[in-house]
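Novice: What follows is the residue order along each chain.
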Amino acid sequence: MRYQKPPSNNDLYKKNENVYSRNVREWQEDGFTVRREYQFTAPGCHNACGHIWYVKDGKVVKVEGDHTDPFSKGKTCGRCLNLPEIMYHSERLKYPLKRVGERGENKWERMSWDEAYSLIADKVKEYTAIGGPECIAGINGTGRNTVYQTPALMYGAIHSPNYSLGFLSGSCCYIPRMLACSKAGGVRTIIDTAAQHPLGYEAPEFEVPEVILNWAKNGIPANADGTLGHWIVDLMKQGTKLIVVDPSLTWLASRADIWLRIRPGTDAALALGMANIIIQEGLYDKEFCDLWTFGFEEYAARCAEYPVEKVAEICWCPKEKIIEAARMYAKASPASIEWGLPLDQCKNAMAASHAVHHLRALTGNLDKPGGDLLVHRTNGLESLCNSLIEWVDKDDLEKKRLGANVSPFTVGHSGATAQPDAILAALETGQPYPIHMMILFGTNPIANMGAEAYRVMKALNKAEFVVSMDYYMTPTNVACADVVLPVAMAAERNSVSHNYVPLKAHQKFVSYYETKSDDQIVAELGHVIDPEGGFKYIKTDIDFANAYLRQWADPAEGDATFDELVNNENFGYEFEEWNATYYKYQKGMLRADGMPGFNTPTGRYEFYVTAYADWGKFDPLPAHEEPPDGPYSTPQMFEQYPLIFTAGHRSFEYFHSEGRHQPTLREFHPWPLCELHPDTAAKYGLAEGDWVWMENQRGKCKQKLKFNPSLDLRQCRAEHGWWYPELPAAAPSLYGTFDSNPNNLIPQFQYGPTAYGAPYKTQLCRVYKVTPENDENLTARLLTEGGFGYVKGY
Amino acid sequence: MSRDTSQYALLIDYEFCTGCHSCEIACKKELELPFGKFGIKLLEYGPTELGGDRWEWDYVPFPTKLCNLCEARVATGRLPACVHNCPADCMQFGTIEELAPHLALKPSRVVFSPR
Chain A
1 MRYQKPPSNN DLYKKNENVY SRNVREWQED GFTVRREYQF TAPGCHNACG
51 HIWYVKDGKV VKVEGDHTDP FSKGKTCGRC LNLPEIMYHS ERLKYPLKRV
101 GERGENKWER MSWDEAYSLI ADKVKEYTAI GGPECIAGIN GTGRNTVYQT
151 PALMYGAIHS PNYSLGFLSG SCCYIPRMLA CSKAGGVRTI IDTAAQHPLG
201 YEAPEFEVPE VILNWAKNGI PANADGTLGH WIVDLMKQGT KLIVVDPSLT
251 WLASRADIWL RIRPGTDAAL ALGMANIIIQ EGLYDKEFCD LWTFGFEEYA
301 ARCAEYPVEK VAEICWCPKE KIIEAARMYA KASPASIEWG LPLDQCKNAM
351 AASHAVHHLR ALTGNLDKPG GDLLVHRTNG LESLCNSLIE WVDKDDLEKK
401 RLGANVSPFT VGHSGATAQP DAILAALETG QPYPIHMMIL FGTNPIANMG
451 AEAYRVMKAL NKAEFVVSMD YYMTPTNVAC ADVVLPVAMA AERNSVSHNY
501 VPLKAHQKFV SYYETKSDDQ IVAELGHVID PEGGFKYIKT DIDFANAYLR
551 QWADPAEGDA TFDELVNNEN FGYEFEEWNA TYYKYQKGML RADGMPGFNT
601 PTGRYEFYVT AYADWGKFDP LPAHEEPPDG PYSTPQMFEQ YPLIFTAGHR
651 SFEYFHSEGR HQPTLREFHP WPLCELHPDT AAKYGLAEGD WVWMENQRGK
701 CKQKLKFNPS LDLRQCRAEH GWWYPELPAA APSLYGTFDS NPNNLIPQFQ
751 YGPTAYGAPY KTQLCRVYKV TPENDENLTA RLLTEGGFGY VKGY
Chain B
1 MSRDTSQYAL LIDYEFCTGC HSCEIACKKE LELPFGKFGI KLLEYGPTEL
51 GGDRWEWDYV PFPTKLCNLC EARVATGRLP ACVHNCPADC MQFGTIEELA
101 PHLALKPSRV VFSPR
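Read top to bottom, the protein sequences are chains A and B. Heads up: the first sequence begins at 1 in this note's numbering, then just goes up one per residue. Heads up: the second sequence begins at 1 in this note's numbering, then just goes up one per residue.
Bear in mind the hints are in silico, worked out from the structure with no lab data behind them. You may find that some hints are simply not true.
Taking lysine to aspartate or glutamate and the EDC-like style, the derived pairs with C-alpha atoms no more than 16 Å apart in a straight line are [to be verified]:
1) B:K37 <-> A:E667
2) A:K237 <-> B:E15
3) B:K41 <-> A:E667
4) A:K59 <-> A:E514
5) A:K123 <-> A:D482
6) A:K241 <-> B:E32
7) A:K62 <-> B:D53
8) A:K319 <-> B:D53
Based on the provided sequences and hints, a complete structural model is requested.
Specialist: This is the structure we're talking about:
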């Protein structure tokens, strides 16, 4: 099906070149300097949308969408429309700060950047002398423009093998799915939304997908991992039909032909059950499976262990709907699977990710126009989490990296990092060696992604020296940091976006007090710490961008440069033919030897993953495993805590723990919201709008109740990332960071056998109303009494 | 700078409005509206089960009396702020005469003529 542009009266205006000066990057208008530029954090999500920025007196006054931008096409979320509010809020950090009181007192003294750099470099030297470079760990928040900056500093300057995510147990955000792609097919996958083509939807080789199987992703607000959510709306207008797998009705599910309301954590069973139907009914792509895959027979035998009746029982989904969904998906061509975070956020994450990914291969949709595109980072910028890793001693990497003893998959692939759980254990126990210093890049773990949040705070406070880079004072900074460095926002940065769709360079056009970009901080600090290491030729943010563009090779004549990129005819973006080419596996484009096939040990797409078979400690075929806590694995506990508790569903207003400072966004979404079916709420005497305690054997938190009539009666959902900037910063207030934090109920150290996946979305809880009698200042109580008294386990 | 907006209107395709609030925020920024005031306001119906395993969950952004159809923007050849930024591209701007044929192209569309 070819794309046909829907008729719209807006074209008349959108194409008005007199207004938007289509071929100009910057122009003057009514006293404003007007500029086209990308927004790629801070603040914000994983995308880099094109905006038109109105600047007056050196400040951004207004932001709106740029319809000529090939990526976002003028689509603009409320968060970016509200950028001036977050950029110029009175509480934004302006200067480097040094702690002067005790940790938690929120007493700071301004320092110069030079002082900050020499203090940090001295500490690096001091601790390296005591404990080797590995006693310094660097962590970042979600994957934006800190995910090559952080490893570059940790590896290239400090030479520590310990770079990781901010106490996200089991690295359970996208890394499990990336690893599954890498082990089965040797390359990552995103749905084909024509985004790789310079002509976009109008590209002649693009086909509109007949069906998108939207698996565990509320993509419209989430915009994660290679897809701008509203692209799916564009495709729906072209006739794309949807199948949605989600425990809650989402907007997409409300428009879907089939919505499978799955029990959280049972995705592997559902995917295997669907595959079984597809194989039994002969609906799979036999030619693709014969010619291009390995282990089909074993996979088919494994799928046969999941008859639909069994799957229906495991997943709490009617079998008729599972059959209907399997047939509809397999009969459609092209079809794609858009997958989401919840696959990572169960202990069985690797099996679940493989089970879902295998459906793409089974149906022959890999690299088919309008199917599941095989992609790498645009222009081969693949170093990402391994940036400058050659500056870490090989032995340190393989033997001293924290978590490397758990599984070999913590080293080598493009999302490989030290294991967050192992860093937590090292901080707490000093085993296998103590961590003396922590460096935090854009991460606020005690408010956002650290399970057992209070425990994470205590552990962080065992590090003698903690440096944090952020643009606001956060609960984590107040509680744990010794030095806080103020970071620049997108409009204040020279940087390169690494996302899948066109490579984008953006140029600084305003500045804010003494803030600096992560790129600039890393370049300057890296060069101070080790002028002969990975930062030998990197002294500035532009040097850093250039080094990234040449993938860290030494500079040479004819290198692509940041300057060329930002000044090119497309205002800094560049498409890449490799990503846009279909059927790469047939064309010898995936393997280093140039032969057709996949970049795997067998040269084929591996339904049976030989890497796991060789390791011997993980099933090479996917299987369902009950979550550690649940109605079937811990039935007695389920009597006490009769609701399945998930956290982390997305909203339009906020990105993770960012943004609660903004009055405009708080008007739309003033409080954290938990959701129950109205009948469940009635059973526990709860009314919509009540504050509700959610509690389990680990801890509790409170949020405001919103009815969700689409939920299973046994389901409770909570939001994450909530802290209250309006509350006092100093302990024991800490902006109320533990009051509404669902991580109070979620454990550390329950990761899967590969070290990946953790049960953030498969907990149990009970709910009861917050009353004057049982209400309390939870954060203050935890700080005074020392936490919930978790059972510790390593 | 203004233009007679009495013949102008907004067409909303509420099959595709995702309820993302961009129109409301764009409008608040354009008109500099304080807390509690909206030039365009999202109305929500659902989610509610229709029976037969079908669900309805609809949003319609409705222009209030504060909406001036961005007459200053329109006078310079721009779209109103809400239409300009809509991520779902489910809003159209034009004269009633221009938009009426679009109304007939598919169901679940509505035209508001706030002025």
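Novice: A separate judgement is required for each hint: does it hold in the structure or not?
Specialist: We went through each hint and held it up to the structure:
The suggested pairing of K37 (chain B) with E667 (chain A) holds, with an alpha-carbon distance near 10 Å, which does not exceed 16 Å. A threshold of 16 Å between alpha carbons decides the hint, and for K237 (chain A) with E15 (chain B) the separation of about 10 Å falls inside it, so the pair holds. Using a Cα cut-off of 16 Å, the hinted pair K41 (chain B) and E667 (chain A) holds, with the two alpha carbons roughly 13 Å apart. A C-alpha spacing of about 15 Å is found between K59 (chain A) and E514 (chain A), which places the hinted pair at or below 16 Å, so the restraint holds.
For the suggested pair K123 (chain A) and D482 (chain A), the alpha carbons sit about 12 Å apart, so the restraint of at most 16 Å is met. Simply put, K241 (chain A) and E32 (chain B) have alpha-carbon atoms about 39 Å apart, too far for the 16 Å limit, and the pair is violated. Taken as a hint, the K62 (chain A) and D53 (chain B) pair is broken in the structure, with Cα atoms around 44 Å apart against an allowance of 16 Å. Restraint check: the Cα-Cα separation between K319 (chain A) and D53 (chain B) comes to about 14 Å, which is no more than 16 Å; the hinted pair holds.
The structure is inconsistent with the numbered hints 6 and 7, although it conforms to all the rest.
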